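Trainee: Required output: the full structure, derived from the provided sequences and hints.
2 protein chains.
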Amino acid sequence: MKRAVILLSGGLDSTTTLYYALNKGYTCQALIFDYGQRHKRELRSAVAVAKLTKVPYQILKIKFPWKGSSLLDKKMPIPKSRFPVSPFTRLSNIPSTYVPARNTIFLSFALSFAEAIGAQAIFIGANALDYSGYPDCRPDYYAAYQKVIEKGTKAKKIKIVTPLIDLTKAEIIKLGRKLGAPLEMTWSCYQGGSKPCGVCDSCRLRAKGFSLYNKAS
Amino acid sequence: MKRAVILLSGGLDSTTTLYYALNKGYTCQALIFDYGQRHKRELRSAVAVAKLTKVPYQILKIKFPWKGSSLLDKKMPIPKSRFPVSPFTRLSNIPSTYVPARNTIFLSFALSFAEAIGAQAIFIGANALDYSGYPDCRPDYYAAYQKVIEKGTKAKKIKIVTPLIDLTKAEIIKLGRKLGAPLEMTWSCYQGGSKPCGVCDSCRLRAKGFSLYNKAS
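Those protein sequences? They're chains S and D, same order as listed.
Using the numbering used here, the first residue of the first sequence is number 209, and each one after it goes up by one.
Using the numbering used here, the first residue of the second sequence is number 209, and each one after it goes up by one.
One or more of the hints may lead you astray.
The list cannot tell twin chains apart, which means a pair is met if one copy fits it or any two copies do.
[Unchecked claim] Derived DSSO-like pairs (lysine-lysine); straight-line CA-CA distance at most 30 Å:
(1) Lys359 - Lys271
(2) Lys259 - Lys403
(3) Lys283 - Lys403
(4) Lys282 - Lys359
(5) Lys210 - Lys262
These are computed hints drawn from the structure, not numbers from a lab.
The structure presented is a predicted model; accordingly, all values stated were derived computationally and were not measured.
Mentor: Printed below as a string of structure tokens:
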């Protein structure tokens, strides 16, 4: 049996990634993080997706007492409209929504979990094309992390799998649709509101993806 | 001002490391982890050392729901007397006290904290000589982790400093004494008792260190 731990945020990318892993024959266990994010709404989506797929999940509560990000600190504004809509968005500056070492923390828990249950893989829906410019979403970061696993664990051979890393948002949507992922259940907006704000990076990247996907199909 | 985050367990090694960092002129902030360790007693030592040095500290509570280690799971026995007393102890097998990805998780939080407060360094008292054989205590693990920082953070240049990595336990004690570290306040035993058990790896390595230090001085 192939086992995997999957980092599930409740967004479009991680949901598609979960369907990808299931489609590849992995028996998955999901980790969901309640880390003080202002868009706590995403947790509801994550749980709904896990329940729909009957994938066992755990919600880990994590505290970032030092904040240092507009995704954690409600006194800081979420940036709006940082990029024009084009097929590819490569942002070179790192926005205030970057949470210091967040993916490194998430991966570390996933790694611990994977090692404890004897999983062979960790799936994460990171994407370095239509993304917010976070350094911990890029391929060379995951290559470096792979070395940490090799050097720092007993299991050594657990693989980090990033199936979306070089896809555009429209391509991710296409893949999700093909795999039957419930994209309408997912949540992307960074703001804490009950409806997507439509102007944060995450909303705009999502909207752009759907717009280009719809044009192409 | 040179700032550092220090991982403080309340043991001999991390206490000596804190004194080393302070001696090097770093303004330190300590992170202490309450992670369900059976030797929770060490937390008291960590807090006492932080208070003595007037280093600000935070206790982070972390859950390992999957356990997978005799340090977390009280139903598993702590191994006893695994090695003969000699000047150098290099254990090749990894004991059940190994906690999957523990140092990776600790470092990730330290990294997040360091990045958020603009610290230049993370100090950790890892030691790969008189140690329990954990892979996440070895130099090549820290070299790999350094790459993760470079690739995955905005700050990029935060250095992991491991001043004890190639010292024997007797040499660590010598360094601690020289720096005025309150070694008598530290706690090493893996068991959850109110007194050190004297037979776990950690007790035996500590006792061996003091014995060889006393002989040499």
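Trainee: Hint numbers the structure violates, sorted upward?
Mentor: Result: no hint breaks.
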